[in-house]
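S.K.: Sequence:
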Amino acid sequence: MKYLLLTFICFTTLFSCKKETDYLVKYNFRYSPDSLNQSYKLTEEMVLRTNDKGFVFMTNNAFSSDTIKDDITTLITEGKLSARDLILKNNEINKYRIYFEKDSSHYFFKTQANSFWYNFKDEVPEIKWELINETKKINEFDVKKATTNLFGRNWIAWYAEDIKVPYGPYKFNGLPGLILELNDDKNYFHYEAISVVKDTANYPIYEKYNEINSKRIEFETAIKAYKENPVKINMRTGDDTKRDTELLEKRKHELKAKNNSIEKGLQFDL
Numbered sequence: 001m002k003y004l005l006l007t008f009i010c011f012t013t014l015f016s017c018k019k020e021t022d023y024l025v026k027y028n029f030r031y032s033p034d035s036l037n038q039s040y041k042l043t044e045e046m047v048l049r050t051n052d053k054g055f056v057f058m059t060n061n062a063f064s065s066d067t068i069k070d071d072i073t074t075l076i077t078e079g080k081l082s083a084r085d086l087i088l089k090n091n092e093i094n095k096y097r098i099y100f101e102k103d104s105s106h107y108f109f110k111t112q113a114n115s116f117w118y119n120f121k122d123e124v125p126e127i128k129w130e131l132i133n134e135t136k137k138i139n140e141f142d143v144k145k146a147t148t149n150l151f152g153r154n155w156i157a158w159y160a161e162d163i164k165v166p167y168g169p170y171k172f173n174g175l176p177g178l179i180l181e182l183n184d185d186k187n188y189f190h191y192e193a194i195s196v197v198k199d200t201a202n203y204p205i206y207e208k209y210n211e212i213n214s215k216r217i218e219f220e221t222a223i224k225a226y227k228e229n230p231v232k233i234n235m236r237t238g239d240d241t242k243r244d245t246e247l248l249e250k251r252k253h254e255l256k257a258k259n260n261s262i263e264k265g266l267q268f269d270l
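In the UniProt record's numbering, the protein residues as written are 1 to 270.
Some clues are possibly wrong.
Using 30 Å as the maximum straight-line C-alpha spacing, the simulated DSS-like pairs for lysine-lysine come out as follows [stated by the list, open to error]: (1) Lys110 <-> Lys41; (2) Lys102 <-> Lys128; (3) Lys95 <-> Lys121; (4) Lys136 <-> Lys198; (5) Lys215 <-> Lys121; (6) Lys198 <-> Lys250; (7) Lys19 <-> Lys258; (8) Lys144 <-> Lys256; (9) Lys19 <-> Lys145; (10) Lys102 <-> Lys215; (11) Lys95 <-> Lys256; (12) Lys41 <-> Lys224; (13) Lys19 <-> Lys144; (14) Lys121 <-> Lys26.
Each pair of labels, with its calculated beta carbon distance range [unchecked claim]: (15) Asp199 <-> Lys128: 28 to 34 Å; (16) Ile138 <-> Glu228: 19 to 25 Å; (17) Arg30 <-> Lys128: 31 to 37 Å; (18) Leu42 <-> Asn114: 17 to 23 Å; (19) Asn154 <-> Glu246: 37 to 43 Å; (20) Phe116 <-> Lys252: 26 to 32 Å; (21) Lys102 <-> Gly152: 44 to 50 Å; (22) Arg251 <-> Gly152: 26 to 32 Å.
FYI, nobody ran anything at the bench for these hints, they're computed from the structure. Ideal Cβ placement from N, Cα and C applies to all residues, glycine included.
Could you put the whole structure together from the sequences, leaning on the hints where they help?
M.R.: Structure below.
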């Protein structure tokens, strides 16, 4: 009897720790880096982790890298980390993390430009959603439709009212449920949830604000400068100099084809 009572108490305590806001969501992100060549697409897995304090949003590879110091066996057993994640953890396309503290008026961005880290605050946009009387299913979830205009684009979102989390991919928030699918009307950018699991692991959110070392405009300036001069040429002689020049022109051509981002000035896939 004592054993049963103890088991019940432990189970009740564990269950009570799982708040309605504790989720780990993985999205498949498919997008067109070149607005002039929409048929060319890149894909990357993104992770949204939420709790009662806010959320973090980043690539799955960055998430794997950040959690590598945790108990790897436990993470793999619980399905939060795979062997493939460990291999690819440093292979990011979109190099950024977003941290948000509930009720804050700012996001905290941690990102890179030309191998330098930029940590800056960015305002939370005011999003005016129009709720549409249209429904469908995404996996096992019933979702409803909403639309908005943000960053100069028209967006369509599908959210699950049963999941009481007002967040979604990137900066999108404010709906009465978790966003499971999001795309712009030209389908340059498309997020779709591929897994949604309850998660109570501790992950720092608001603590990151003390790491601010720059401003958004400084990051935008660094991105612009990098696209204009992506590599520093070592001035040598003969064939080496020619090869350096060819590499520079090739890189410039590659960067020219990366002209499409969700938000003007913020580009993370260089």
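S.K.: List, from low to high, the hint numbers that the structure doesn't satisfy.
M.R.: Hints 6, 7, 8, 16, 17, 20, 21 not satisfied by this model.
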